[in-house]
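J.: As a plain string of letters, each chain reads:
Protein chains: 4
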Amino acid sequence: MNIFEQVESEVRSYCRSFPVVFNRAQGAELITEDGRTYIDFLAGAGTLNYGHNHPELKEALIEYISSEGITHGLDMHSSAKAHFLETFHEKVLKPRGMENFRVMFTGPTGTNAVEAAMKLARKVKGRSTIVAFTNGFHGCSGGALAATGNEHHRGAMGTSLNDVFRIPFDGYLGEGVDTTEYLEKLLNDPSSGLDHPAAVIVETVQGEGGLNAADAQWLRNLEAVCRRNDMLLIVDDIQAGCGRTGSFFSFEEAGIKPDMVTLSKSLSGYGLPFAVVTYRDELDIWEPGEHNGTFRGNNLAFVTAAKALELFWSDDSFVDEIKQKATHLRNGLERLVRRYGPESLKVNGRGLMSGIECPDGEMAGEVIRDAFKNGLVIETSGAHDQVVKCLVPLTITMAQIDFGLDVLDKAFAKAAAKRERKVS
Amino acid sequence: MNIFEQVESEVRSYCRSFPVVFNRAQGAELITEDGRTYIDFLAGAGTLNYGHNHPELKEALIEYISSEGITHGLDMHSSAKAHFLETFHEKVLKPRGMENFRVMFTGPTGTNAVEAAMKLARKVKGRSTIVAFTNGFHGCSGGALAATGNEHHRGAMGTSLNDVFRIPFDGYLGEGVDTTEYLEKLLNDPSSGLDHPAAVIVETVQGEGGLNAADAQWLRNLEAVCRRNDMLLIVDDIQAGCGRTGSFFSFEEAGIKPDMVTLSKSLSGYGLPFAVVTYRDELDIWEPGEHNGTFRGNNLAFVTAAKALELFWSDDSFVDEIKQKATHLRNGLERLVRRYGPESLKVNGRGLMSGIECPDGEMAGEVIRDAFKNGLVIETSGAHDQVVKCLVPLTITMAQIDFGLDVLDKAFAKAAAKRERKVS
Amino acid sequence: MNIFEQVESEVRSYCRSFPVVFNRAQGAELITEDGRTYIDFLAGAGTLNYGHNHPELKEALIEYISSEGITHGLDMHSSAKAHFLETFHEKVLKPRGMENFRVMFTGPTGTNAVEAAMKLARKVKGRSTIVAFTNGFHGCSGGALAATGNEHHRGAMGTSLNDVFRIPFDGYLGEGVDTTEYLEKLLNDPSSGLDHPAAVIVETVQGEGGLNAADAQWLRNLEAVCRRNDMLLIVDDIQAGCGRTGSFFSFEEAGIKPDMVTLSKSLSGYGLPFAVVTYRDELDIWEPGEHNGTFRGNNLAFVTAAKALELFWSDDSFVDEIKQKATHLRNGLERLVRRYGPESLKVNGRGLMSGIECPDGEMAGEVIRDAFKNGLVIETSGAHDQVVKCLVPLTITMAQIDFGLDVLDKAFAKAAAKRERKVS
Amino acid sequence: MNIFEQVESEVRSYCRSFPVVFNRAQGAELITEDGRTYIDFLAGAGTLNYGHNHPELKEALIEYISSEGITHGLDMHSSAKAHFLETFHEKVLKPRGMENFRVMFTGPTGTNAVEAAMKLARKVKGRSTIVAFTNGFHGCSGGALAATGNEHHRGAMGTSLNDVFRIPFDGYLGEGVDTTEYLEKLLNDPSSGLDHPAAVIVETVQGEGGLNAADAQWLRNLEAVCRRNDMLLIVDDIQAGCGRTGSFFSFEEAGIKPDMVTLSKSLSGYGLPFAVVTYRDELDIWEPGEHNGTFRGNNLAFVTAAKALELFWSDDSFVDEIKQKATHLRNGLERLVRRYGPESLKVNGRGLMSGIECPDGEMAGEVIRDAFKNGLVIETSGAHDQVVKCLVPLTITMAQIDFGLDVLDKAFAKAAAKRERKVS
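Protein chains in written order, with UniProt numbering: chain X, 1 to 424; chain B, 1 to 424; chain G, 1 to 424; chain S, 1 to 424.
You may find that some hints are simply not true.
As the list claims (entries may be wrong) - Pairwise CB distance ranges, derived in the manner of DEER restraints:
no.	chain 1	residue 1	chain 2	residue 2	range
1	G	K422	X	R228	23 to 29 Å
2	G	A224	S	E5	32 to 38 Å
3	G	A224	S	G35	39 to 45 Å
4	G	D281	S	V177	47 to 53 Å
5	S	S314	B	N229	35 to 41 Å
6	S	R335	G	G97	55 to 61 Å
7	S	K257	X	R228	46 to 52 Å
In case anyone wonders, no lab produced these hints; they're calculated from the structure. Using N, Cα and C, we set each Cβ at its ideal position, and we do this for glycine too.
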């Protein structure tokens with residue numbers, strides 16, 4: 001029995017899919033203790049958009065640590081924080097017409113950013129209900145968990161999860177049904193059971209929910225419903241943000257203007273714990289320390305995050321690069337679908353947040369297990385774990401994408417054959 | 001207007017007490033951008049027990065980063081995690097008769113560890129109520145916040161906080177009243193309104209609550225009430241643990257055996273976001289991934305945490321060192337009390353988690369503002385911010401303690417004189 | 001200022017629509033202190049299915065009171081209770097294949113019966129979620145209110161309303177959308193956000209919600225979804241039961257077999273406070289007194305209720321009578337629709353639970369105010385008070401129906417004309 | 001198997017203590033179907049303060065029914081309601097300096113009155129927390145149940161019970177501890193965990209809780225704490241009101257002025273379902289119909305209630321009568337205590353809400369079972385059912401009291417002997 005089985009909690013999960021011990025990593029490569037190399041199509045569930053241990057970020061980080069820069073300072077002012085704020089303001093907010101957005105450093109986890117956003121929305125509007133969507137995932141701490149759809153997580157709470165109203169996500173009621181119309185009908189109906197919400201929280205592409213990409217028009221309709229009904233629009237961009245879908249924020253393509261945005265995962269650029277909520281300054285009615293936490297404002301993350309913004313978001317070249325890779329990856333996935341199940345398989349998602357939906361979790365599970373045997377770290381998502389999810393580093397090389405596609409090709413070939421045998 | 005006022009959220013708080021920009025730090029010293037040095041009696045609110053940027057931890061960290069060790073790997077196995085688990089098992093759990101304890105990596109924040117502990121306790125017992133104490137602080141995310149006493153934080157939630165029953169902490173009902181007897185009376189009374197709890201969550205010394213130190217006998221009584229009434233005992237050792245009160249766990253002195261312990265803050269040893277819950281293996285009924293989060297298992301923190309355990313907890317020398325410093329500090333604080341208010345001031349706390357309780361928050365506020373002007377970073381705590389809280393690095397030098405005591409001497413002299421003028 | 005304005009709470013409501021003082025009543029007639037007679041198309045919001053002060057019930061009641069029969073006996077056995085139970089068993093349960101149903105006497109209000117049903121369902125299934133529908137009304141006490149849709153009532157609670165999941169009622173998503181399919185999709189989707197419910201609570205015709213009559217097939221589909229997903233089906237028959245829609249239970253037409261049924265309003269037959277839940281005996285896992293209340297089991301109501309069951313439900317003649325009157329009334333309503341707004345008006349409901357839906361609450365309000373001036377007591381319902389609701393006593397005469405229809409004819413004529421002027 | 005066992009729910013409870021079928025009743029006498037007479041020391045758990053079927057109330061009731069007075073009229077104005085309001089205003093409110101109190105007709109159950117009071121308090125203050133006490137009983141519907149202490153009832157809810165903070169009742173922490181000081185300490189402590197409450201709800205004598213009578217000074221202290229801390233004081237006088245303790249309201253002796261009072265049980269005077277909340281007019285900020293219910297305003301109860309007020313509360317003679325009977329009863333109970341257990345037994349309660357506390361529920365259970373065999377209907381109360389509770393009709397004769405005391409004497413003799421045998 002190894003040390004993990006002996007001492008680590010049964011709650012551990014990813015390690016069960018990948019029963020090796022990783023030691024080093026670089027870019028899209030993960031290397032085990034015994035020297036085997038895997039290509040990473042998981043990327044820390046979207047945390048490693050710039051790959052593992054990006055050399056320039058690593059250099060900045062080591063330099064900062066070596067110079068005895070502040071590592072932990074609660075939310076005291078630090079040079080590193082100032083530099084991050086300036087960079088985020090200049091490279092992210094300003095060019096996107098969000099120069100009036102404030103940045104709140106929450107506890108350095110996505111769920112904590114969601115908690116903060118939900119609290120602030122309720123405080124601003126003086127109402128308790130938040131609208132969330134089927135298959136949404138927003139974290140596992142008590143406040144955020146109410147908005148998360150997954151019963152596996154919800155069931156672990158052990159108390160009532162309050163004041164979230166669930167609306168079907170785009171497409172949930174079938175093609176041609178605009179579920180924002182259902183939302184608005186409820187809002188206009190004083191006995192619908194939906195109390196006037198403070199806000200709507202939405203992912204533009206539902207990562208954990210199965211790479212369900214909301215249509216741009218649906219997002220615009222949702223924004224309009226929020227405006228007409230005095231509700232805040234919160235985009236939870238923790239997984240889909242930081243370039244994953246092709247632009248810094250995932251909602252840029254739709255042209256909407258959320259009131260609040262949560263960011264975490266790839267924000268530090270280096271896989272360091274970090275999270276923020278950014279929102280229009282009129283909403284900034286927090287009293288000092290009202291929402292707090294020891295690790296809000298992670299100085300090491302300030303350093304790598306600022307560096308990552310400078311490196312990748314100073315001009316449009318990275319956006320172009322993502323687009324090319326996304327096209328390449330999605331073409332590859334479409335090819336697999338055509339080859340192994342034009343009726344039963346389907347490409348889901350948007351940009352480099354794409355994958356293949358299988359008829360069930362069993363098939364998807366076989367694919368990823370087989371892929372792992374052939375050197376690819378990749379996971380499933382979706383309500384039934386039925387989606388093979390390609391969450392590659394955005395800095396991955398074309399060759400690495402091709403390697404992954406080849407591995408997947410073989411895995412799908414096998415799984416499809418097995419499935420056919422079973423069906424017939 | 002500086003960048004912080006322009007862009008950072010109004011929720012920022014510590015920076016308001018210390019309106020400078022810190023740049024570097026070493027041990028108990030904080031250095032500003034313009035070169036001024038402060039002695040740190042705050043230590044990241046208990047996060048920097050081994051001081052800022054401890055040289056050997058720094059070295060280990062840089063070495064790990066340089067070698068491209070895994071930085072982020074979700075909860076996949078890594079060499080760094082294995083090494084941390086082995087070290088924690090050997091240096092912490094085993095010598096304390098806790099070799100059967102499991103370690104759960106939660107999101108890397110204290111509040112997330114508390115959420116996990118509360119969930120697991122409810123799941124194990126199949127009951128929803130948790131007992132928490134007056135002036136308790138356990139974090140600000142929805143689940144943990146229900147257990148936190150502070151109305152400032154509670155009021156920000158905007159929804160009902162469920163299923164926590166509040167009991168007066170040791171001493172709350174005056175000397176000579178054992179509040180565990182009240183708890184047991186409620187438990188034995190089927191119409192008390194206290195539904196059979198799953199667990200009790202307690203801090204042995206309430207950090208945010210004003211350095212209220214529970215008596216060892218009271219803790220033993222509390223443990224006995226838990227045993228007699230089939231409730232789990234959770235010690236939230238996030239602030240008081242990792243040596244702060246003189247032993248690794250704060251409850252060792254009382255000789256109790258909690259069922260679960262939460263740790264965070266100083267666990268990484270370097271101020272890195274990190275948190276665990278450790279609990280008896282029989283309680284480990286989690287299903288894989290039931291409570292999760294992107295940053296659970298921070299590899300950089302594994303490295304520094306393991307190193308810190310090796311450095312400081314391989315023998316008893318650190319315990320002795322803390323004891324000497326605590327005696328020195330507390331003697332100094334007692335001297336201040338005798339000098340400036342034997343009737344009105346009072347030394348609170350235990351070990352290096354000690355401070356001076358003032359008659360009100362106004363006086364305590366004057367003391368820390370004056371101290372800051374003279375080069376000391378120090379904060380207040382308590383329901384009315386009335387306690388001047390000395391949370392020095394455990395690695396501080398005697399000379400630095402003396403410097404701090406001198407600064408506090410002058411600050412108390414001034415504040416006491418002012419108070420006297422006001423009263424007369 | 002009269003005594004009502006001086007002393008009665010501002011919460012009073014129906015009296016504002018009918019600013020007279022009623023003194024006596026008989027059948028479908030209400031007589032004021034100053035001798036004016038009104039025809040009653042409100043019938044105590046469905047409480048007076050057998051009319052006011054039915055002579056034979058009155059006689060039985062007076063006889064019982066005169067003989068000093070037990071009036072109040074908590075839930076002790078009484079002859080009156082035995083007689084009611086026997087009669088209910090013989091006349092109601094047995095003929096409908098429900099001989100294995102138990103009868104629980106809750107507090108004598110509809111909301112209390114709903115509370116009891118929801119509690120028992122949760123206890124039986126060991127789960128907390130209950131599914132309720134848009135525009136549902138189930139009462140105003142804390143437990144039941146969570147299932148009620150009306151924001152006017154919900155907003156008065158002042159705390160979180162827990163563990164009810166709202167599903168669109170039949171027709172809510174437009175013609176051709178079977179909302180039970182949406183419910184089942186949520187149930188089969190482990191990240192839908194709908195935790196496995198203990199039960200579904202439904203009105204077959206939503207009285208307060210605007211006389212929305214569920215299609216019989218939809219009800220059968222709902223029952224099937226409950227069966228396939230191990231959920232209890234609770235029919236809240238408080239307003240639609242006791243003959244209102246043409247059969248004793250409103251769900252008989254659809255041929256479904258609910259697990260639990262709540263009854264109140266017309267159950268006593270005489271307007272006396274009374275309520276029961278009846279459910280399959282396997283579900284009867286209550287411990288003695290677990291849900292209680294001082295007035296559960298109202299002996300005067302036992303007497304009139306048993307008498308009413310004997311009088312009206314011993315054979316099918318009353319069912320036939322209701323059917324004829326319903327046809328007559330609905331024909332009359334259809335005529336009004338054709339005459340005053342074939343495009344804008346619409347007949348809603350089922351059986352003698354029918355009315356006319358107006359384009360808005362303003363028009364419906366004008367109709368009922370005008371009707372009252374001409375001797376008709378009638379109210380609106382619906383989310384926007386847009387439905388003119390004809391809740392006549394089932395014992396009303398054809399002549400009285402005609403009187404009412406005449407009054408409504410004039411009122412609609414006026415309101416329609418006014419509306420036309422406004423539009424043009 | 002009789003009809004009750006066959007058809008009535010397992011939730012039935014009192015009938016299990018008294019396994020006979022009652023048929024008629026008069027004053028303090030209950031007569032079974034087979035002609036046996038019992039003396040009633042239970043009085044409908046305080047619902048029959050004027051005895052069963054009081055002749056003058058009966059006469060008024062029959063007259064009203066015979067004249068076809070309105071039986072059910074929702075909350076429309078009726079002559080009977082006007083008369084009740086005038087009488088209540090003149091006989092109850094005005095003489096007690098409460099002429100500015102409004103009367104709200106809630107659903108006709110105590111729990112519904114409590115729900116209404118809690119809602120209104122929360123609405124008035126814009127806060128959600130309500131303070132309730134250990135051993136308090138306020139009803140079993142979801143909102144009120146949160147304030148009820150009994151785990152038997154609470155456990156049946158199946159969802160979180162929100163926003164009630166429990167404080168030890170007078171005497172709970174032992175003699176000499178004023179628990180209102182604990183309450184005030186919590187209120188003045190911003191990290192106590194007690195969020196600023198909207199109101200305190202209290203019974204002056206806890207009926208279900210074991211006849212715990214609050215000291216008059218404690219009640220005055222509680223009122224003062226409410227005033228100093230801007231909280232409403234709600235006296236739940238459902239069981240202790242209507243003369244039970246010697247004055248119309250139970251709090252008159254203490255000289256306090258609650259902001260709201262709930263009344264039910266004996267308010268109708270005849271055992272009819274009826275309940276009100278009465279409160280200072282400034283608090284009357286309800287919107288029409290915001291809290292509603294079909295049976296609010298029970299006209300038959302208006303008739304008997306007004307008559308009862310006229311008969312019993314027009315002068316002080318009834319107060320004197322209660323006082324004499326209470327003295328007589330309590331002397332008798334004291335005698336029993338001296339005789340059968342001066343160390344182990346104890347007289348509890350106040351006025352005609354008195355009883356004997358036994359060392360355990362077993363002994364009390366034996367007493368009442370034996371008493372029933374000898375012709376006395378009497379029940380226990382208290383957390384462990386350890387109090388033999390004498391809730392006689394206030395109109396009982398001295399001879400009937402003596403009969404009951406004799407029966408109790410023999411029952412205690414037997415139970416005490418048995419207990420002694422067991423102990424030795």
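J.: Taking the numbered hints from earlier one at a time, note which ones the structure violates and give those numbers from smallest to largest.
T.: Violated hints (numbers, rising): 3, 5; every other hint is consistent with the structure.
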